[in-house]
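Novice: Sequence:
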Amino acid sequence: MHYVIERHECSHRYPDSNHPECYPAGPVVVCEGSAAIVLTSDAASGNQWYKDGSPIGGATATTLNITTVPGNSGSYTVISTVSGCASAVSNAVSVTIDALPLVTR
Numbered sequence: 019m020h021y022v023i024e025r026h027e028c029s030h031r032y033p034d035s036n037h038p039e040c041y042p043a044g045p046v047v048v049c050e051g052s053a054a055i056v057l058t059s060d061a062a063s064g065n066q067w068y069k070d071g072s073p074i075g076g077a078t079a080t081t082l083n084i085t086t087v088p089g090n091s092g093s094y095t096v097i098s099t100v101s102g103c104a105s106a107v108s109n110a111v112s113v114t115i116d117a118l119p120l121v122t123r
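Numbering (the working numbering), first residue to last: 19 to 123.
To be clear, the hints were calculated from the coordinates, so they are not data collected in a lab. One should not assume that every hint holds.
Cβ pair distances, simulated, as ranges [as the list claims (entries may be wrong)]:
| no. | residue 1 | residue 2 | range |
| --- | --- | --- | --- |
| 1 | Ala62 | Ser93 | 21 to 29 Å |
| 2 | Ala62 | Pro119 | 39 to 47 Å |
| 3 | Ala53 | Gly102 | 34 to 42 Å |
| 4 | Val121 | Pro45 | 38 to 46 Å |
| 5 | Cys49 | Thr122 | 17 to 25 Å |
| 6 | Cys103 | Gly71 | 16 to 24 Å |
| 7 | Ser112 | Gly76 | 17 to 25 Å |
| 8 | Val121 | Thr78 | 37 to 45 Å |
| 9 | Val121 | Gly76 | 35 to 43 Å |
Computed from a prediction, not measured in an experiment: that's the story for all the values here. Here a beta-carbon is modelled for each residue, glycine too, at the ideal position from N, C-alpha and C.
With the sequences and hints as input, model every part of the structure.
Specialist: See below:
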């Protein structure tokens, strides 16, 4: 189910809520070096991805590929802009990338 919000010259089509959804919706926990994590916005265009509240440079596609290194752990969100009108912030996806254990002899 979708609904449309119209303000002035802008209108948006949203699923059941007033913000875009980011998938997967739950927390993601992986080990360093695992396959890349792919987050997906349900908005087809006009996306800007954020990590810990700061925009990620050049991250404007429908999907965001996150390399599995510990420095990429954080909270990821997306804001979609359609016809010049920005949506509310999506649900946050918590990503935790655990470092591989150091083995010593």
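Novice: All hints, please: hold or fail.
Specialist: Checked hints:
1. Under the hint 21 to 29 Å, the C-beta atoms of Ala62 and Ser93, about 24 Å apart, fit the expected range.
2. Remark: the range hint 39 to 47 Å for Ala62 to Pro119 is upheld by a beta-carbon distance near 41 Å.
3. At about 36 Å, the CB distance of Ala53 to Gly102 agrees with the hint of 34 to 42 Å.
4. Separation of Val121 from Pro45 is about 27 Å and departs from the stated range, judged on CB atoms against 38 to 46 Å.
5. Against the hinted window of 17 to 25 Å, the Cβ-Cβ separation of Cys49 and Thr122 comes to about 19 Å, which satisfies the hint.
6. Taken as a hint, the range 16 to 24 Å holds for the pair Cys103 and Gly71, whose Cβ atoms sit roughly 21 Å apart.
7. The given range of 17 to 25 Å is respected by Ser112 and Gly76, whose C-beta atoms sit roughly 23 Å from each other.
8. Between Val121 and Thr78 the beta carbons are some 40 Å apart, a value that agrees with the proposed interval 37 to 45 Å.
9. Between Val121 and Gly76 the beta carbon distance is about 36 Å. The supplied range of 35 to 43 Å therefore holds.
Hint 4 from the list above is the single one not met by this structure.
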